[in-house]
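**Q** Please work from the sequences and hints to get the whole structure.
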Amino acid sequence: MAVFRCKMCGGTLEITSGSTTATCEYCGSVQTLPRLDDDKIARLYDHADHYRRNDDFDKAMEVYEKILLETPEDAEAYWSLVLCRYGIEYVEDPTTKQRIPTVNRVQYTSVFDDDNYRSALKFADASQRAIYEKEAETINTIQKGILEISQKEEPFYVFICYKESDERGQRTRDSVYANDLYHELTQEGFKVFYARITLESKLGEAYEPYIFAALNSAKVMVVLGTKPEFFNAVWVKNEWSRYLALIKNGAKKKLIPAYSGMDPYDLPSEFAHLQALDMTKLGFMPDLVRGIKKIIGVEAPVAAAPAAHNDHGHQEVELLLKRVHIFMESEDWLNADIYCEKVLDADPENPDAYFYKFLTQMKVDTLDKLEDHHAPLDQYSAYRNAVRYADEAKSQELIDMNNRIRERLDRIEAQRRHEQEMRDQRNREINALEEARNNATTLVQSYITTRDQIQEDLGSEQYAYANNKKYTRGVRIRAVLVLICAALTWIGVAMTENGGSDGAAALLSLSLIATVILSYNLHSYKAGSGCLSIVLSFFTVGIYPAIYALISLFGSGKRHQRMRLMRIQSLGQQLQEVNASIATATQSLSEINQKLEQYQ
1 MAVFRCKMCG GTLEITSGST TATCEYCGSV QTLPRLDDDK IARLYDHADH YRRNDDFDKA
61 MEVYEKILLE TPEDAEAYWS LVLCRYGIEY VEDPTTKQRI PTVNRVQYTS VFDDDNYRSA
121 LKFADASQRA IYEKEAETIN TIQKGILEIS QKEEPFYVFI CYKESDERGQ RTRDSVYAND
181 LYHELTQEGF KVFYARITLE SKLGEAYEPY IFAALNSAKV MVVLGTKPEF FNAVWVKNEW
241 SRYLALIKNG AKKKLIPAYS GMDPYDLPSE FAHLQALDMT KLGFMPDLVR GIKKIIGVEA
301 PVAAAPAAHN DHGHQEVELL LKRVHIFMES EDWLNADIYC EKVLDADPEN PDAYFYKFLT
361 QMKVDTLDKL EDHHAPLDQY SAYRNAVRYA DEAKSQELID MNNRIRERLD RIEAQRRHEQ
421 EMRDQRNREI NALEEARNNA TTLVQSYITT RDQIQEDLGS EQYAYANNKK YTRGVRIRAV
481 LVLICAALTW IGVAMTENGG SDGAAALLSL SLIATVILSY NLHSYKAGSG CLSIVLSFFT
541 VGIYPAIYAL ISLFGSGKRH QRMRLMRIQS LGQQLQEVNA SIATATQSLS EINQKLEQYQ
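Here the sequence shown stands for residues 1 to 600, numbered as in the numbering used here.
Warning: the hint list may mix true and false statements.
With a Cα cut of at most 30 Å, we get these calculated DSS-like pairs of lysine-lysine [claimed, not checked]:
no., residue 1, residue 2
1, Lys-322, Lys-294
2, Lys-152, Lys-252
3, Lys-248, Lys-152
4, Lys-122, Lys-134
5, Lys-227, Lys-152
6, Lys-248, Lys-122
7, Lys-191, Lys-363
8, Lys-152, Lys-191
9, Lys-191, Lys-281
10, Lys-248, Lys-219
11, Lys-253, Lys-342
12, Lys-369, Lys-219
13, Lys-134, Lys-144
14, Lys-294, Lys-252
15, Lys-152, Lys-202
16, Lys-219, Lys-294
17, Lys-363, Lys-202
18, Lys-293, Lys-342
19, Lys-202, Lys-369
FYI, nobody ran anything at the bench for these hints, they're computed from the structure.
Keep in mind the model is a prediction, meaning the values are calculated, not measured.
**A** Spelled out as structure tokens, the structure:
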């Protein structure tokens, strides 16, 4: 069983070999299948369908072309090229829950006249052909509706292509550049396609008809970008690649890349033959506007002649200004801006029109609502025009407002820096305390380890001292007994030499035997040399045991006992010092923890 992903929802389809159609168990769509003859073709389809489902139609087309090099009679590959050319995206109908196609790349050519569509029908089997024809009919109907809407749109002179928001949904710097360019060009009288404003009134509608109309009517496209990935964003590339395709097909149009904060060599390779502009260079905006004027040439709008200062003209301007004021009160900023332009067409230096135009672009109906604005006003070209053309009182009012905003922002920035410095200082103190706590903890553990070792050594010494004392006492008792027996032996010898009785002989024998036994025991207990003591006891008639007993009696480990006692005393003193150090380090650790708790 081969694995293939649904072209509508991306769910996994399990298909049997030889199948040309399947039904997705996730979205319920009936769809055609490719020829998955080997793993290489399957991987190529997986990559291509991934690009197409993510609306990167150009990359998807490149992969489908590779598939056709391998399998030139694969109907599904030809049909997939049709889907990419017309920018087909399958979306879920909230009512029926079915996946229906939407067209993101409208063409003047009907899908029925597309060569890839005809090839798909040529190589398709009966079941595939039926699905292709049904979907082509749907796409053709959608495209007709889009073309009908787009034909009603007024032509544009300039199309501004840019990325509106980043991956976090925040407005990009590209959008700010585009906004400035839009206002500069509209002040010159050009009709400009700028999605942020042009499509603002199209909320709830499909944007493709208006984008298609603008791409086909605009004489110039300016592609703005501050990052390489913004130039290659899916919908940005969708616009400029379609525009380049129109140029390639013979349309008299110009594409102007403009970049900022990046290396020009990182621009898309498709722009390699085009002259790119650096938006950070001084004079970029006037140079770009002048260049656009030269490109458009005689088709450029002619500035309106000054209105005659008669009652009728003055009355017309007043009525238009009233309309502007009404639109501003209802927050209809788009129409307010359009009517400001109508006033300026009649009176190019009308002070109220420039003042209202600035408020309209800031989306407020009174100047005092800008007190909390997030940026200085003098960064906006509309503000500069308002200050230049408004009457003295309003100009001063604008300047004062801008100064107040700057002062507030400076205070906020100073407060922010102060708070940041306080946070940094707090973090430094916390880090220092945490380091001190770690050091104190390590020191306490070290002291505890030392204390445990001292206690172990002290216990061993005390045990040895007690055993040695017991041993010494036993040796002395045996030594005294040996001396007594030796003395009795000598008495027996003396009595025998003086012609003693049998009792003297018995005393001698018994005392000598006792001396030998005790001497052996004394040697065996201490040094294990009892056999030698037996021999020496007999030959010396008790003299050797007596001498050895005297040595044992008066030198039986006293020196070792004194040394052990001194060692015990020294270990006891060390133990007291270590315990005191542990107490000090523990107190220090407790104080550090208390300070850390104060920061929490």
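**Q** With reference to the structure, classify each hint as holding or not holding.
**A** For each hint, the structure was consulted:
1. Lys-322 - Lys-294: Roughly 37 Å separates the two Cα atoms, so the pair is violated.
2. Lys-152 - Lys-252: Measuring from Cα to Cα gives roughly 22 Å; hence the hint holds.
3. Lys-248 - Lys-152: With a Cα-Cα distance of about 26 Å, the restraint between Lys-248 and Lys-152 holds, given a limit of 30 Å.
4. Lys-122 - Lys-134: holds, 15 Å
5. Lys-227 - Lys-152: Not OK: Lys-227 and Lys-152 at ~35 Å, beyond 30 Å, violated.
6. Lys-248 - Lys-122: Holds, because 29 Å separates the two Cα atoms, which is no more than 30 Å.
7. Lys-191 - Lys-363: Given pair Lys-191, Lys-363 holds - Cα atoms ~21 Å apart, limit 30 Å.
8. Lys-152 - Lys-191: Given pair Lys-152, Lys-191 holds - Cα atoms ~15 Å apart, limit 30 Å.
9. Lys-191 - Lys-281: holds, 26 Å
10. Lys-248 - Lys-219: Between Lys-248 and Lys-219 the Cα gap is close to 14 Å, so the pair holds against 30 Å.
11. Lys-253 - Lys-342: Answer holds: Lys-253 to Lys-342 is near 28 Å, not above 30 Å.
12. Lys-369 - Lys-219: It is violated: about 39 Å lies between the C-alpha atoms, which goes past 30 Å.
13. Lys-134 - Lys-144: With Cα atoms ~16 Å apart, Lys-134 and Lys-144 stay inside 30 Å; holds.
14. Lys-294 - Lys-252: Since the Cα atoms of Lys-294 and Lys-252 sit roughly 14 Å apart, the hinted pair holds (cutoff 30 Å).
15. Lys-152 - Lys-202: holds, 14 Å
16. Lys-219 - Lys-294: holds, 11 Å
17. Lys-363 - Lys-202: holds, 18 Å
18. Lys-293 - Lys-342: holds, 21 Å
19. Lys-202 - Lys-369: Roughly 27 Å between the alpha carbons, so the hint for Lys-202 and Lys-369 holds.
Of the numbered hints listed earlier, those contradicted by the structure are 1, 5 and 12.
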